[in-house]
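Line order of the protein sequences matches chains A and B.
According to the working numbering, the first sequence holds residues 1 to 385 in order.
According to the working numbering, the second sequence holds residues 386 to 1142 in order.
Rather than coming from a laboratory, the hints here were simulated on the basis of the structure.
Incorrect hints may have been included.
[To be verified] A few chain B residues that face chain A, going by a derived Cβ cut-off under 10 Å, partial list only: (1) F828; (2) E846; (3) A849; (4) D854.
[Stated by the list, open to error] So, partial list: chain A residues that the calculated Cβ filter (under 10 Å) puts toward chain B: (5) R4; (6) L81; (7) S84; (8) G85; (9) V87; (10) Y111; (11) P112; (12) S146; (13) S201; (14) P204; (15) Q205; (16) L211; (17) K212.
Keep in mind that this is a model prediction, so the values were computed, not measured.
Even glycine gets a Cβ: it sits at the ideal position worked out from N, Cα and C.
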Amino acid sequence: MNLRDKLRAVGGSGQPRNPAAPENRDAPLDCRHLSEIRPPEEFPGAADLTGETLALMTEKEMPEALDPRKILYLDTETTGLGGSGSVAFLVGMGFWTDRGFEIHQFLMRDYPEEPALLRHVAAGLSRFDALCTFNGSTFDVPLLESRLLMNRMDRTCLGLPHLDLLHLCRRLWKLRLGRCNLGRLEEVILGKPRLDDLPGSEVPQRYFSYLKTRQDSLLEDVLIHNAQDIASLCVLLNHMADLYLHPEKIAFSEDVYSMGRALEKTRHPENARRCYTLARRGKMGTEASRALAVSYRRSGDRERAAGIWREMIARRQGGAEPYIELAKYEEHVRRNPEAALALTEKALLLLCEPGLEDGSAVQEMKNAVQYRYQRLQRKLKERNA
Amino acid sequence: MNAAQLADLLRHDTQFMKNVTRWEVIPSRPARTLPFPACMDERLKPVLESRGIHQLYTHQVHSLEATARGEDVTVVTPTASGKTMCYNLPVLSAILKNPDARALYLFPTKALSADQVSELYDMIEESGAEIKTYTYDGDTPAAARKAVRQAGHIVVTNPDMLHSGILPHHTKWVKLFENLRYIVIDEIHTYRGVFGSNLANVLRRLIRLCDFYGSHPQFILCSATIANPGELAETLIGRPVTLVDDNGAPMGERHFVFCNPPVINRQLGIRQSSVTLTRSIAGMLLKNGIQAITFARSRLTVEVLTRYLKDMVRDPLGEAGRVRGYRGGYLPRERREIERGLRAGQIDAVVSTNALELGIDIGALDACVMCGYPGTIASAWQQAGRAGRRRGTSIVFFVASSAAVDQYIVTHPDYFLNRSPENALLNPDNLYIMLSHLKCAAFELPFGEEDSFGNARGVGEMLAYLEEDAGILHRVDGRYHWAAEDFPASDISLRSAASENFIIIDITDPAHHRVVGEMDRFTAPMLLHENAIYMHEGRQFQVEKLDFDACKAFIRSVETGYYTDADLNINLSLLDIEKQGKTPLGGETALGEIKVTALVTMFKKIRFDTHETLGFGPVRLPETDMHTAAMWWTLPEALSSRFTGDTLKNGMMGIANLLRIVCPLYLMCAPTDIAVVYQVKSPITGKPTILLYDNCPGGIGLSEKAYGMREILLQKALQVAEDCSCEQGCPSCVGPVGEVGEDGKTTAVRLLRGLIG
Chain A
1 MNLRDKLRAV GGSGQPRNPA APENRDAPLD CRHLSEIRPP EEFPGAADLT
51 GETLALMTEK EMPEALDPRK ILYLDTETTG LGGSGSVAFL VGMGFWTDRG
101 FEIHQFLMRD YPEEPALLRH VAAGLSRFDA LCTFNGSTFD VPLLESRLLM
151 NRMDRTCLGL PHLDLLHLCR RLWKLRLGRC NLGRLEEVIL GKPRLDDLPG
201 SEVPQRYFSY LKTRQDSLLE DVLIHNAQDI ASLCVLLNHM ADLYLHPEKI
251 AFSEDVYSMG RALEKTRHPE NARRCYTLAR RGKMGTEASR ALAVSYRRSG
301 DRERAAGIWR EMIARRQGGA EPYIELAKYE EHVRRNPEAA LALTEKALLL
351 LCEPGLEDGS AVQEMKNAVQ YRYQRLQRKL KERNA
Chain B
386 MNAAQLADLL RHDTQFMKNV TRWEVIPSRP ARTLPFPACM DERLKPVLES
436 RGIHQLYTHQ VHSLEATARG EDVTVVTPTA SGKTMCYNLP VLSAILKNPD
486 ARALYLFPTK ALSADQVSEL YDMIEESGAE IKTYTYDGDT PAAARKAVRQ
536 AGHIVVTNPD MLHSGILPHH TKWVKLFENL RYIVIDEIHT YRGVFGSNLA
586 NVLRRLIRLC DFYGSHPQFI LCSATIANPG ELAETLIGRP VTLVDDNGAP
636 MGERHFVFCN PPVINRQLGI RQSSVTLTRS IAGMLLKNGI QAITFARSRL
686 TVEVLTRYLK DMVRDPLGEA GRVRGYRGGY LPRERREIER GLRAGQIDAV
736 VSTNALELGI DIGALDACVM CGYPGTIASA WQQAGRAGRR RGTSIVFFVA
786 SSAAVDQYIV THPDYFLNRS PENALLNPDN LYIMLSHLKC AAFELPFGEE
836 DSFGNARGVG EMLAYLEEDA GILHRVDGRY HWAAEDFPAS DISLRSAASE
886 NFIIIDITDP AHHRVVGEMD RFTAPMLLHE NAIYMHEGRQ FQVEKLDFDA
936 CKAFIRSVET GYYTDADLNI NLSLLDIEKQ GKTPLGGETA LGEIKVTALV
986 TMFKKIRFDT HETLGFGPVR LPETDMHTAA MWWTLPEALS SRFTGDTLKN
1036 GMMGIANLLR IVCPLYLMCA PTDIAVVYQV KSPITGKPTI LLYDNCPGGI
1086 GLSEKAYGMR EILLQKALQV AEDCSCEQGC PSCVGPVGEV GEDGKTTAVR
1136 LLRGLIG
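Okay, chain A solo, but in the shape it has when bound:
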């Protein structure tokens, strides 16, 4: 038995294939480059995106005077899900210009073209001020970093300020939608479902087939899929920017409440309170009211906070919490322990209502309220004595 037969016995034999004819490559290699321009009307608001609007959306350091034409939208198609054996065979990059949205795609037709592809990517990145991806912080960027490293190329070009839309979208829509992949967002948020799209899981196999057969048609879907991803990034970012500027346009209480939370993360309490106020009308009413009151309290406006807690009591929202919070307000701000005691008593009664789930959180709350109740009683006794 020769070695090849043994190997076949051990490893099984797949479909033998004809080895590709050796290609003559004397000229310095370049990868394939495709480009297109999509009309401006497909990207509403793209021209008006400002650094201030972005600052509402992310707490990350972004260039101060941001030019919307200096954001690079990037997406890769890869041969696997990670590890040093996965290669980005197609890198698409898009950016806004005065003529519309330009998309450039760099495709390596075979492995020797990888350095050329990476050189284009590095050169592209160096011309922009910010990077925008979908899940790029955990996937595309580390993968490109790994590829640059393995080709012994400089990796500093990947250090651009980076806006990962996956994280920003999750902040806004996870509460309502659960999973936030790009396809779902296009369908539900942008109202443009993709038809005949190539599932991402089929991409690697398409490329391997292409390597063996050299049929350009195999990659057509992949190229379309990639270009669409990049265009969607820009549309999505500008759609979000519009919502951040005009939260009253948001139809769902969950979304506008989520935006409030997101704005607190980016330290814009006033914008956050605007969202909470809007969200109080919908099904997140209780949570939004609560968040609104807490936000007022944090910013030092105890009167407005107390007003919200009172409204919540009137609307029977939030269980014992508004009573407890108002009790704190009466005791410490208004210096009125009698009112505080009365409110604490009500809170205690509510907490003892049957039917309330008797979890450890409730028990803890009960203990705290009990303690407060006794403390207030002592305080009053001492004062009256």
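Chain A is fixed; fit chain B onto it per the hints.
Structure of chain B alone, referenced to chain A:
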């Protein structure tokens, strides 16, 4: 009483001495030391001096100096001889001199790494240096991993994690790979067989990546006493090593007592059970307050002995914490607690499987009892080494079972005392294993057509195969690129056993189910089938349900007077024949690949104390499969037709028993590494066949070696039978008469003569 006094007492006890076949005293040995060598960083001196170390043992100095000369070093040291200094000192010196330097530590198990790292932490803390040591294994939290990759000076891990967690993601470990100065591999004697062959290939991948990043790490390897530490090390790392084996650590006087249980049935040649004699010796040590470890060969015996000993010392509340069992299935937390208890002297007696053979730090004990021969001389010395303080006397008892090898050793103690331990064999070029790692290597970094893979041969052809036949590599411009979606490292387990373990859940308290242990996939059908009595810490449980697919066993506490023992059925089928030959009289002999299917079909209930069989029960579980190498002889028609069915079967059983004794000796392997079976009508050949196979997936070359020396093996088997003084068979040759029948020995001898011609 101390061990010296006990030894004195026993030597005058005529009743005890009746069972002793040899009493060997190994004299004490003084320490040999040298001053701190110049290559050791000055800043480490106060650290060592604060621990009362003012000189180093000779072997430590020699290994430090060889390392400083830039050589790859292998240090051979028995237990408790300060081997960790041999690698910690050069590593710490290097990092103190250059804070960018990095080191990688590999330990075969997590338990070992936890142990050795705690010592390293102490030294670093005392030195006051900013040296970060991290353990990177399956338990490392995801949040901490980034820090380990970026900042760890010393990364402690195991071969499995290196293989699937580090190498495939090498671009995240740039700092480590660019600055890797030392690779430390401890306990290299454990890397034999499949595990070793896998590790050798993992190291080929590691070195290949270091080349890419421009680092040239040196190896520091440590081994227990085996016959070929240098050869093992060189095979593992694929380059020459400097061997340091002049142990300078002191050792107190040691008594080595060979005990053979008395014969209780002279006609049948049946001896008292080794467990019974072990129990009385261990009991005596416990009563006299001599801290001792007892080694038993199976998990079952461990539990039975633990129970006996616990019963001796139970307090009014039924607690017996001074006696503990220790084996693979216990949870890590429980094991750490037992190890601490032993070190602190809170535990007087521990009963263990070979799990405690490895360098886990339990301190040195006064006495050791070996219930049965552990299979190899190296293992036996490792176990014996658990007893042995640097000062004072220690005592080791070897209690022979009725197995042929045990009987041979107890009646020929010189064979054991004078013979060098076994060779550790591994085969980095095992096609099955190497091909798997070549895939991983190609994933990690493309291969040039002329690239080498360690010192492996046939790399070019294998790469071409992976491209043209398997279609997972893509060749272009003379380079092979990984061109598949999979992550090859995830499909390959470095250890022969499957990675998936069974979890054992105690459901005695319905409100509070708790996990009490785990067990590997191959052992589970034997010990965790439904209605099995599972023993844990000497308590009995009955297996209520075994969920094979979910890998869970549910057990409930019971009190029974019996334990269970399962019967294993092995089936063989042919995959491929590689070599063929003829024997005289027209028999055939061949080397090939087979599939071994193991199936448990029934179990026996056996009463404690008397060991009588009380009844049987069925087991309904799926089979487990293994592909491996095998070689065999068929009996030619002209020979087999001379005997009737039963006689032929008895003779073949005799030959198989003889080969089981001879093969490990001549193939230089452990008895468990190779299996010998006989089949009156073999499904492989259709004829009466004697077959031996490598007892691990893919094989490690034992069958091939056996095929090469097949005539010698038969001659030696014949010689053992002819030289044996018994008439009709005994456990030391063809097997006892009760097993092979009255005509077993003569038939075996006639068949062997016919086969040899």
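Outcome of the hint check:
With its C-beta approaching chain A no nearer than about 3 Å, F828(B) sits inside the 10 Å limit, and its interface hint holds. For E846(B), the interface hint holds, since its Cβ comes within 10 Å of a Cβ in chain A; the closest pair sits about 5 Å apart. Look at A849(B): its Cβ gets to within about 8 Å of chain A, closer than 10 Å, so that hint holds up. Look at D854(B): its Cβ gets to within about 5 Å of chain A, closer than 10 Å, so that hint holds up.
Of the supplied interface hints, the one on R4(A) holds, with its beta-carbon coming within about 6 Å of a beta-carbon of chain B, less than 10 Å. Contact between L81(A) and chain B, as hinted, is supported at the beta carbon level, the nearest pair being about 7 Å apart and thus within 10 Å. With a least beta-carbon distance of about 5 Å to chain B, the hint placing S84(A) at the interface is held under the 10 Å criterion. Among the interface hints, the one on G85(A) holds; its C-beta lies about 3 Å from the nearest C-beta in chain B, closer than the 10 Å criterion.
Interface restraint check for V87(A): the shortest CB-CB distance to chain B comes to about 8 Å, inside 10 Å, so the restraint holds. The restraint placing Y111(A) at the interface with chain B holds, with a minimum CB-CB distance near 4 Å, inside the 10 Å limit. The closest approach between the C-beta of P112(A) and any C-beta of chain B is roughly 5 Å, which is under the 10 Å cut-off, so the hint is satisfied. A hinted interface residue such as S146(A) counts as satisfied when its beta carbon comes closer than 10 Å to some beta carbon of chain B; here the least separation is about 4 Å, so the hint holds.
With 10 Å as the threshold, the beta carbon of S201(A) comes within range of chain B, its nearest partner Cβ sitting at about 9 Å, so the hint holds. At a threshold of 10 Å, the smallest CB-CB gap from P204(A) to chain B is about 4 Å, leaving the interface hint in force. Taking 10 Å as the C-beta cut-off, the interface hint given for Q205(A) holds, the closest approach to chain B being about 7 Å. The closest approach between the C-beta of L211(A) and any C-beta of chain B is roughly 5 Å, which is under the 10 Å cut-off, so the hint is satisfied.
Against a cut-off of 10 Å between C-beta atoms, the interface hint on K212(A) holds, since the closest Cβ of chain B lies about 8 Å away.
Checked against the numbered hints given earlier, the structure satisfies every one of them.
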